[in-house]
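Enquirer: One-letter residues, chain by chain:
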Amino acid sequence: MKTEESTPRWVYVFGIIAVVLVLLFVVLHLTGHGLGGHAS
Amino acid sequence: MTMTPRLRKFALTAHVTFSVGWLGAVAGFLALAIAGLTSQDVQIVRAAYLGMELTAWFVIVPLSLASPLTGLVMSLGTTWGLFRHYWVLVKFLMTIFATIVLLLHLQPIGHLARVVAETTLIRGELGGLRIQLVANAGAAVLALLVATTLSVYKPRGMTPYGWRKHHEERTVSEP
Numbered sequence: 000m001k002t003e004e005s006t007p008r009w010v011y012v013f014g015i016i017a018v019v020l021v022l023l024f025v026v027l028h029l030t031g032h033g034l035g036g037h038a039s
Numbered sequence: 000m001t002m003t004p005r006l007r008k009f010a011l012t013a014h015v016t017f018s019v020g021w022l023g024a025v026a027g028f029l030a031l032a033i034a035g036l037t038s039q040d041v042q043i044v045r046a047a048y049l050g051m052e053l054t055a056w057f058v059i060v061p062l063s064l065a066s067p068l069t070g071l072v073m074s075l076g077t078t079w080g081l082f083r084h085y086w087v088l089v090k091f092l093m094t095i096f097a098t099i100v101l102l103l104h105l106q107p108i109g110h111l112a113r114v115v116a117e118t119t120l121i122r123g124e125l126g127g128l129r130i131q132l133v134a135n136a137g138a139a140v141l142a143l144l145v146a147t148t149l150s151v152y153k154p155r156g157m158t159p160y161g162w163r164k165h166h167e168e169r170t171v172s173e174p
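If you read the protein sequences in the order shown, they are chains F and U. With the first letter of the first sequence counted as 1, position 40 gets the number 39 in numbering that gives the first Met the number 0; the numbers rise by one all the way through. With the first letter of the second sequence counted as 1, position 49 gets the number 48 in numbering that gives the first Met the number 0; the numbers rise by one all the way through.
Just so you know, not all the hints are guaranteed correct.
[Claimed, not checked] Calculated cross-link-like contacts (lysine to aspartate or glutamate; reagent style EDC-like; alpha-carbon spacing at most 20 Å):
(1) U:K8 x F:E3
(2) U:K8 x F:E4
(3) U:K153 x F:E4
(4) U:K164 x F:E3
Hints listed in this document are in silico derivations from the structure and should not be mistaken for laboratory results.
Work out the full structure, taking the sequences as your base and the hints as a guide.
Expert: See below:
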């Protein structure tokens with residue numbers, strides 16, 4: 000049941016997007032595709 | 000620990016100035032990154048990457064530190080609080096993340112600037128790094144636009160901590 004005190008939907012949407020972006024960032028760096036790799 | 004109206008206005012002016020300035024500086028950084036990646040003119044490529052290093056160190060880094068700092072002062076010095084409303088917390092975490100990513104990427108930006116200062120970049124050289132700079136600057140512009148939108152719209156939603164504080168304050172104020 001949705002009450003006034005329940006977490007709004009936009010917070011879940013933001014949370015999911017944030018987790019995906021952070022994972023993407025970490026994976027890119029771990030695989031050497033990030034900026035630190037100086038890939039040419 | 001609520002600020003006086005005069006101090007609150009001063010802090011708000013500083014926070015808006017630093018935050019919007021940060022967005023504008025990153026937009027300029029994105030334009031330089033695109034010019035550095037796509038231009039055929041060697042002088043433009045050189046100027047773009049040298050300009051990016053200067054912009055990053057002397058404009059973007061100070062603004063990226065001043066914006067969350069003044070945001071912290073604003074949240075803790077007003078009734079909004081830092082952990083009471085989701086929009087304040089989300090915005091703060093976003094700006095902290097953007098600042099950390101920026102600080103991590105200063106070294107590769109400096110590397111590119113040193114390369115163009117000493118040699119001439121041939122087409123496609125350091126291509127991965129140059130594309131990443133465009134992608135990251137684009138992502139940063141998007142993130143800062145989202146942060147600005149959150150500040151203006153202030154979407155509803157209090158955290159469990161915010162509700163607890165809200166109930167506590169109501170209990171205290173009721174006779």
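Enquirer: It remains to establish, for every hint, whether it holds in the given structure.
Expert: Against the structure, the hints come out as follows:
{"no.": "1", "hint": "U:K8 x F:E3", "result": "31 Å, violated"}
{"no.": "2", "hint": "U:K8 x F:E4", "result": "31 Å, violated"}
{"no.": "3", "hint": "U:K153 x F:E4", "result": "17 Å, holds"}
{"no.": "4", "hint": "U:K164 x F:E3", "result": "15 Å, holds"}
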